[in-house]
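**Student:** These two chains come separately, so use the hints to put the complex back together.
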Amino acid sequence: MSMTIKDFRLLSEQSYEKRPVVKGYNMRTLHADLGTKKFREKPVSEQMKDTFVGGKGFGLRLLWDSTTPATRWDSPENEIVIAMGPVCGNTNYPGSGKSLVCALSPMTDVPIDSNVGGYFGPYLKFSGFDALELQGKADTETIVFIDGIEGKLAFYEVPDSLKLDYDTHLLAETLTHAFARDEKGLQFVSVVSAGRGADHSPMGVLNFSLYDKRRQGIRVKQAGRGGIGSVLRNKKIRAIVARYQGVEQDSNNAADPAAVQRIGLKLHREIIVNDDKQCKMRKQGTAHLMEVMNDYDLLPTKNHKYGQDPRGPEIASWVWEKLFSQDLPDGCWYGCTMACAHAVDHFELETGPYKGQKVCVDGPEYETAAGVGSNLYVYDTHGILELNFYCDTYGIDTISFGTMTSFLMECWELGVLNKDRTDGIDLAWGNWQGAAQILHDMADGKRFGVLAGKGVKFLAEYFTKEYGADAQVMKDIALHGKGLEQSEYVSKESLAQQGGYYLTNKGPQHDEAWLIFMDMVNNRIPTFENKAEALHYFPMFRTWLGLLGLCKLPWNDVEPADNARHKEPNKVPEHVDNYCNLYTAITGLPMNSEMMVVQSERIYNFQRSFNVRQGHGHRAEDYPPYRAMGPVFEDEYQARAERYDKQMLEKIGIDPMGKSLAEKVAITRKHRLSQYDSLIDAVFKRRGWTSDGCPTPEHLKKIGMDLPEVILVVEARIAGKA
Amino acid sequence: MIKYLKTDDAKCVGCMNCTATCSVKYFKEDNPAKSCIRVEGLGNNRFHLAACDQECRRCVAECPTKALFVGPTGIVIMNKSLCVGCLACVAVCPIEAMFYFPGDKNPFKCIACGSCVKSCPKGALSIEDKPDSEKSRFPFDVESRVAPTRALPGKSEALSGAAK
Ligand code: SF4
Ligand code: SF4
Ligand code: SF4
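Keeping their order, the protein sequence lines are chains A and B.
According to this note's numbering, the stretch in the first sequence is residues 1 to 722, in order.
According to this note's numbering, the stretch in the second sequence is residues 1001 to 1164, in order.
You may find that some hints are simply not true.
Here are some chain A residues the structure puts well away from chain B; computed CB gaps all over 12 Å [said to hold, decoys possible]:
#: 1; residue: Arg269
#: 2; residue: Lys358
#: 3; residue: Ala662
In silico lysine-lysine, DSS-like type, Cα no more than 25 Å apart, as pairs [unchecked claim]:
#: 4; chain 1: B; residue 1: Lys1066; chain 2: A; residue 2: Lys184
#: 5; chain 1: A; residue 1: Lys280; chain 2: A; residue 2: Lys355
#: 6; chain 1: B; residue 1: Lys1130; chain 2: A; residue 2: Lys266
#: 7; chain 1: A; residue 1: Lys266; chain 2: B; residue 2: Lys1011
#: 8; chain 1: B; residue 1: Lys1105; chain 2: A; residue 2: Lys18
#: 9; chain 1: B; residue 1: Lys1034; chain 2: A; residue 2: Lys18
#: 10; chain 1: B; residue 1: Lys1080; chain 2: A; residue 2: Lys184
#: 11; chain 1: A; residue 1: Lys280; chain 2: B; residue 2: Lys1066
#: 12; chain 1: B; residue 1: Lys1034; chain 2: A; residue 2: Lys266
#: 13; chain 1: A; residue 1: Lys277; chain 2: B; residue 2: Lys1135
#: 14; chain 1: B; residue 1: Lys1135; chain 2: A; residue 2: Lys280
#: 15; chain 1: B; residue 1: Lys1105; chain 2: A; residue 2: Lys23
#: 16; chain 1: A; residue 1: Lys322; chain 2: B; residue 2: Lys1135
#: 17; chain 1: A; residue 1: Lys266; chain 2: B; residue 2: Lys1105
#: 18; chain 1: A; residue 1: Lys213; chain 2: B; residue 2: Lys1080
#: 19; chain 1: B; residue 1: Lys1034; chain 2: A; residue 2: Lys213
#: 20; chain 1: B; residue 1: Lys1135; chain 2: A; residue 2: Lys213
#: 21; chain 1: A; residue 1: Lys184; chain 2: B; residue 2: Lys1034
Derived by calculation from the structure, the hints in this document are not laboratory data.
Just so it is clear, CB atoms sit at the ideal spot from N, CA and C, and this is done for glycine as well.
Same shape as in the complex, but just chain B (with noise of 0.2 Å):
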């Protein structure tokens, strides 16, 4: 299962209260341009928002170190500690959903934590549950052709990899 942050644009007005507080809890600072979820005014008080769905992961099989991983929950995560700031997954993401501040070291995401649900005045938010997918194994179906199948230095049996 994958753990998500449901949005539905037509519900938003742009109050802006779930970037106020999900920058507050991770930047100490009320600042959109240092939030997870983006609120894009589309004119006419209509707007879009856009977090990430968890699911696509191209971000995590682009990511040289593999700062970005999946956890127990689905969500999509970055060790800091890995990350080399290179900005490929903000590059890859395909719904710009993976943020980076100006002369900040690592990029960041949402991570359903769940937060800005509560602030949403009208509902818009949600945290929901959704199956695996073709797409969410993408990462482990790339890496699981390529994984070794001969014994590795320091250990005595080779791993089972799918050979091809």
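Chain A on its own, in the form it takes in the complex (with noise of 0.2 Å):
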């Protein structure tokens, strides 16, 4: 059946004045009011324009100002804010449509920040904000349309009558279809939805939805972690549709457009090149990292107690290589000629409520492929496909879900879980049947997968306290860091690594900093000075990314041919000017690599400052279990012996001879975990913290995030009175 905008009750209807994007700002933002079902331009300051730059610097100055340090998750007034930042939008350069996702999670309690591409953010920036506000509850479902065609505005409800499907797969494409204009105007339509799974889990996603032409149906790309698609149904929004149509080589009225064309065709031309005999996005997309990862021991395999499998290779990237449809534009935004966002296409279910039926899956992506593939010893393809498929459509991350289920296999094993606790579903290593089983609870909120829905760090002290498992063990296997599931790299022997996940103001995830092979391939950082300088450097670099609108990918998973030459490779150099280039061609403003990194600091700072606000941001939040840190049984480090005992005589300076395996396993721990207290001292001291974790007010002056509401806030926290 299909249907149309008329077939959607309108309870609310505004007109907006379209104005054209400025040098890449449209210097106003939209406030949606599910509550009262009203829309409110807000202008952008050009303080604020200056301090917070875009994306997510915006989207944190917006949900900060929204908020207080009592919202919670499902508080009405937590928001979810979708900010594109000046660059987003261009099409020449590669990786230049992302939108960047703001909330309180569920998860976490502070606020997370995903990174996502699709078409939604673009066509809602050219349609005149540079982002949107969510805020309120609404009381029946609600689908929120922003119409840069029209000029419009509108809540629109919809009838239970209608039985419009919750799953994203049949949503998102039932909803282009009503909202487009006509048949060719289905490109212009883009859909933020969830799915069922985030109506009773707090690991919901947002599907951020494009048009594909050539496969006639809707693709889905991922605002993934911290849950903000939990927020987006506990606000009874079934989906955001934004619709415009024009999109033009100039749509940001750069100060300087030909230089925007020149600088892109060159990293065009560098990905058709070089791709090929590089990482191979265009065929494998992330996948690539497979076998790497295998190799070097850091694949996750069962719950990361291990990086390396014999089966690996069952899952390498040449086997997702004959798996995805080859050849096809598969960016994520218009001009991504790296093309990551592959696909596989008439790919049979057999599983679940649509067992039987043939569909398109969006992936899987390296995270992914180890999450719900090796982490769960599934080492068939088939098994990562259906839980890739069905935490899409459920709108549950995959990353999350991965860890998650991996930790409950564990437990499983362990024998804190049986089928008396899990309502009839096998856990047992490599059974994807029993994890879809969970996911399919998830998304009908029955059954254990509503238990299970909830996160391993829930988990892990209900089992401790129902079942009575050991808490020690639980904490250790639990692999989360401030309530999220860490992604999918082995960090056990990468110290920086650790860090890289740990200590940041999300929680757990690779976007900050990924530095195992600097660190532990490559040994480019051995001091802890090093290390801190690199958990510096890596994560300001990538929070501009996201405070311009672009993707992480055509940064480092290309190489200028001549990279290597360079004194510091790492940083790609030729790409980092490549983005000072952009940015001025685009904006007409100044820019340097060290401009970059002050812009960055700031709204690091700031975020760090809103989590002390929301009373976390403390130093004891930001450790990792042990099994991101090193062996936690005896079996694990028996697997690993020859390098744990060199360690051990070598960097410890204590001969293993002799000793038993419990007192090994000891000794290790007690050295790593004070290794890791060296390293925060270290990363503390060089991001301007105080050893508690909270930004210093001289520091947020010296880099000019000294707004009086962030000083405020730091001063208490230091004073000792929040």
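**Tutor:** Here's what the structure looks like:
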């Protein structure tokens, strides 16, 4: 059955004045109140533009202003903010279509930020807004509509009688057709939605759609981490729809459009020429990492107990390359020739409500293939694809789901769980059907899925309390930081990466710093100071991409042929130059690599101060569970005994000879914990924070983030009053 | 069949009549940088002519909006209203025959209109036909592999797409 806009009940409608973007900015944002069903424009001040830049900066600023220290994820005033950034939407430079989504997270209780592709953000921007805030709660199922073609904003109610689907692959497709003006206009519509899983679990994602003309269907990209999809569903928003027609080379009205072309074309060409010799993103996407990680003992398996398995090659990049449809322009925004957004077409599902149907599966990306694959001991592409598909359409984060399910499987192995406690689900390693059953239960809001979906932090405490599981073991193997499940790199052998994961503002997500190779493989950052410097520079650089609306992948998943000749090849200096030039070409403002770091430092410290304001941001919240740092169990030590024994002798200065396994596990543990402590000290010092992890007023002044409301927050914390 | 502009480097003397004719016809100015055919000097009075061969169609496969399509006579044509100016087509063209002029919104290419043919004093250019090839079918093959097999909203019957 096909639907049209008229099938939805119009609750309110407003017109707005359409204005062109000027040098990358609209200088206004849009606020949507779900309670009153009213939209309101907010001007962007010069000060906001200077200090917060855009994207994640705007998102956090707006979120701070709209919430209070008492706001929780499900408070009406909590917001979902979707913000784009000044460079976002240009079609020339690959990777320029990202939206940054911020909200107070149901998983961590502090702000989460997630970087996502799809056409929604650019369409919203060219419709006239630098950001969209969604605040309040609707009492009935609601669609929020931003119509950049007609210059209209509307709220629609979804009548129950319509039986509109919840799950994204159906919902977004139906809405794309309903909200397109005609068949030709399908590509001008983008839908943001979640799915039934997000109704029942805090690990909900937002799916951002794009219409794929060749597949004649929608594709989705996920704002995955931290449960923003659950916030969407808690607000009873079924979908947010944006419609815009007329994207052009210079929709940003750049200061120097020819320079934008020149810089973009240079990278296009670099990708076309180098990609096949380097990362093969155009053929494999981030799945190119699979065997590399397995080779280096970094591809998590069995809940990150190990990083390698002989079965690794069964899910290697070349296997995915065969499954992915090839030679399609699979960019998540126009002009991304890196085109990593691959899909498996005509995939026949074996379980769940869509069993027997053929679907298009978006992905898997590396994190998904590792998270619901190797980490669950699922070395079976069908299983991975099935879990990938259902996570997406139910609106569930594949990373949190993967890490959570692997925790459950380990609990099963340890005897903490059994069929009585899982409502009959067999959670033996590798049983993807069991994992799928959890997922279907999550979508139905029934049985074991409801409990499982609460995430590992909750589960670890629950199993201790209810089932008498060993409290320390539960703590050690529940792989989360601040409540967010860790993403899928084994961090045990890289202290810097442990910091890269756990010294983050939002929780252990690899998008702040990925230092494993620099640290562990190439040994480029041997001292604590070196590591601290890397844990300063890389998070700052990557934050900057999020201020601008850029994707990280074209930064270092392709490199100029002569990149290695640079002193610091890890920074890909030529691409950093590209970014500076691109920023200047669009905004007309100067930029260099130092100014980049300063811009980011302001936002990074603002975010940390935001955590402090919400009652978090303490040092104690920045420690990894021990599984992320070293071998928890004796068999885990034993499996890599040679490595650990050698380290004991050379690094700790204790001769392992004659020591029992238990003693060796304990010695290693003590050493690694103290190493991490020293790392925190060095990093906090480098970042200008107190030893408890609070930005100091002096540091905030120095970097130009001395807004009175921020200073107040950190002063209160330092004075011991908050 | 594919209609295309055939070039013969050996006959070219570098007079630039073709570029003048082409750029005046499509851009109203005599500017070799705005011509759909390029005359490259190789030294020693030798020249190389570059214009779209209409056959490789890499650009057609790469265009994210399907602004580039194959017309009834086999030539690759751009629908400017769909073009978002990304220059992906420029980057993938193996013979650098997809052009752009800095600051202009859309790239441009030869559409085998034949105007330059008449202007060439040496007969280096001609409009010819060639048969379809594996290369020329490429964008269509790619597409048929992913075409939907399910029923689309608003359509009662599933399209007949090639399942794998
Ligand atoms: S590299 Fe991939 S994720 Fe990044 S913008 Fe391009 S297609 Fe999207
Ligand atoms: S520049 Fe235009 S025609 Fe070329 S690939 Fe991009 S959208 Fe297509
Ligand atoms: S890629 Fe170049 S040569 Fe090939 S069809 Fe396109 S314009 Fe012509």
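**Student:** Taking the hints in turn, state whether each one holds.
**Tutor:** Hint-by-hint comparison with the structure:
A Cβ of chain B approaches the Cβ of A/Arg269 within 12 Å, the least distance being about 5 Å, so the stated non-interface status is violated. Its closest Cβ contact with chain B, about 6 Å, brings A/Lys358 to no more than 12 Å, contrary to its assignment away from the interface. For A/Ala662, the condition that its CB be more than 12 Å from all CB atoms of chain B holds, with the nearest at approximately 53 Å. Note on B/Lys1066 and A/Lys184: the hinted pairing holds, with a Cα-Cα distance of about 11 Å set against a maximum of 25 Å.
For the suggested pair A/Lys280 and A/Lys355, the alpha carbons sit about 32 Å apart, so the restraint of at most 25 Å is broken. Only pairs whose Cα atoms come within 25 Å are accepted, and B/Lys1130 paired with A/Lys266 is rejected, the gap being roughly 33 Å. Pair hint A/Lys266 plus B/Lys1011 does not hold up; C-alpha atoms about 33 Å apart against a cutoff of 25 Å. With a C-alpha separation of about 21 Å, the suggested pairing of B/Lys1105 with A/Lys18 holds against the 25 Å cut-off.
Proximity of B/Lys1034 to A/Lys18 is assessed by CA-CA distance (about 34 Å); at most 25 Å being required, the pair is judged violated. Between the alpha carbons of B/Lys1080 and A/Lys184 the distance comes to roughly 14 Å, so the proposed pair stays at or under 25 Å and holds. With a C-alpha separation of about 24 Å, the suggested pairing of A/Lys280 with B/Lys1066 holds against the 25 Å cut-off. For the suggested pair B/Lys1034 and A/Lys266, the alpha carbons sit about 20 Å apart, so the restraint of at most 25 Å is met.
Taking the CA atoms of A/Lys277 and B/Lys1135, the gap is near 23 Å; set against the 25 Å cutoff, the hint holds. Between B/Lys1135 and A/Lys280 the alpha-carbon distance is near 22 Å, which keeps this suggested pair within the 25 Å criterion. Between B/Lys1105 and A/Lys23 the CA atoms are separated by roughly 16 Å; this keeps the pair inside 25 Å, and the hint holds. With a C-alpha separation of about 21 Å, the suggested pairing of A/Lys322 with B/Lys1135 holds against the 25 Å cut-off.
Taking the CA atoms of A/Lys266 and B/Lys1105, the gap is about 17 Å. The hint holds against a cut of 25 Å. A distance of roughly 17 Å separates the Cα atoms of A/Lys213 and B/Lys1080; the hinted pair therefore holds under the 25 Å criterion. Among the hinted pairs, B/Lys1034 with A/Lys213 is inconsistent with the structure: their alpha-carbon atoms are about 30 Å apart, more than 25 Å. With a CA separation close to 21 Å, the supplied pair B/Lys1135 and A/Lys213 stays within the 25 Å bound.
Simply put, A/Lys184 and B/Lys1034 have alpha-carbon atoms about 31 Å apart, too far for the 25 Å limit, and the pair is violated.
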